[in-house]
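Asks: The listed protein sequences correspond, in order, to chains A and B.
In this text, residue positions in the first sequence follow the numbering used here: the first is 1, and each later residue adds one.
In this text, residue positions in the second sequence follow the numbering used here: the first is 1, and each later residue adds one.
Do not take every clue at face value.
What the hints assert, rightly or not - Derived CB-CB ranges, DEER-like:
{"#": "1", "chain 1": "A", "residue 1": "Arg110", "chain 2": "B", "residue 2": "Thr246", "range": "47 to 53 Å"}
{"#": "2", "chain 1": "A", "residue 1": "Ala68", "chain 2": "B", "residue 2": "Thr214", "range": "35 to 41 Å"}
{"#": "3", "chain 1": "B", "residue 1": "Thr214", "chain 2": "A", "residue 2": "Leu50", "range": "48 to 54 Å"}
{"#": "4", "chain 1": "B", "residue 1": "Thr246", "chain 2": "A", "residue 2": "Cys109", "range": "45 to 51 Å"}
{"#": "5", "chain 1": "A", "residue 1": "Glu58", "chain 2": "B", "residue 2": "Asp290", "range": "40 to 46 Å"}
Everything labelled a hint here was simulated from the structure, so no lab data went into it.
All C-beta atoms, glycine included, are put in the ideal place defined by N, C-alpha and C.
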Amino acid sequence: MLIKVSSAKMCSLSKFSIVLLMALLSYGCASQNFVSSDGFEVYVPEKRYLNESCSNLELMKKEFDSNARRATRKHLGLEPFKHDIASQHEREMINKNGRYITYALATNCR
Amino acid sequence: MVRFLILCALLSIGVYSYSASLISAGRQIFEAIPFPKAARAVFQQVHELIEPTKIKFPETKLKDAVRSSLREGVSAVASAGATRALANTTPETHELSVNTNVDNPDIKIMNIGPKYRDGIKLPPGDYDILVEKNGYRSSRFWIELENSKTSDSKVALDVTLDPLGLPGCTDKLVIGNHAGAFSGDGGNIVQYQVVFENVDMNDLYQSYANTAKTTEYYYVYDTVVFSDYVEFHIASPTSLSKSDITGNLSINVDMDRFIVNKVIFEQQGSNVLFTTQMFMPPGVAITDVDKGFICENVFTF
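Sequences are here, hints too, so could you generate the full structure?
Replies: If you want it as structure tokens, here you go:
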């Protein structure tokens, strides 16, 4: 975000106004720069689940049933990342993780 | 009001002082704003997970994966290449020739001592072939020379090396972005995907791995390897400048915060779907995602 302020105008602003402007600029820059893509979904590849051994899938299922969120982070390799993930995307990942485990178990192991 | 303005001032000074260290990575700009120390213990743990050698390959798994995906075409050539049926004599040997589309390739047989030369005589067995050429994606695969009850049979392999990079990258690249660096629940997420056409996944991911091995600011903390699917789980610093990236400078992964890079290779018929996902801690932002920059600096494998 570019905001041009002439030097003459800047000089006429009080110090508090300058501070306020800086705060607004900060907020403006931050909000402008992070526009989400429409319809963006975090990709969870089904193929990975279809490759897993039945014993791994059964373990994954057990972990998922015990704590879906923690298990999903572990299964997707995000376990070391302790920060919040946007709830909308985390929900999607949890849903897909659970669905793909169930599907792979049903397809390959029964 | 005054209190509010003072608060604004503090916030502004805070933001701008860190903006000074804003990494103008050009298009992938990561801004690390100090985050109240949630995670030192966690990152100590992560640090233990991360090999100091930077990249850890499950050699056995990798080898098995490569073996199990031994390309049928090559295997067929190897079997059909027996051009001379001589008497049933021993010892049985095969004369191996590797033909490529490039001049002066570097050809190695990785699992035996003797150096490759055109027409090298080899007894029946499995051979790990590596064909390399500067500026091209290497090709590595296993062949099986069978007991053919003939001796001195000739085996010819045709190997095509593709140039490094991705032609038409900017047109093919699909980028998804979740904005969440400074507001909302959770940090920024960026994902980009592209399809490499008519390429073998093993060649592609090994080429990527070779690039990643030499990248000074990547730490691979886990891998998932199957014959048609590979994931790398990589930690990278939150403070990368453009020159850090283009100059491949040595940058330590922040002990308090890092970006998760998931890199996924997936064989889909004759094509490979390549996916990168970046999960960022709150306060770490990509201020611009430029396809040109990504194509030039990421798709070098």
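Asks: Determine for every hint whether it applies to the structure shown.
Replies: Each hint tested on the structure:
no. : hint                            : result
1   : A:Arg110 / B:Thr246: 47 to 53 Å : 52 Å, holds
2   : A:Ala68 / B:Thr214: 35 to 41 Å  : 39 Å, holds
3   : B:Thr214 / A:Leu50: 48 to 54 Å  : 33 Å, violated
4   : B:Thr246 / A:Cys109: 45 to 51 Å : 48 Å, holds
5   : A:Glu58 / B:Asp290: 40 to 46 Å  : 44 Å, holds
When each numbered hint is compared with the structure, a violation occurs for hint 3 only.
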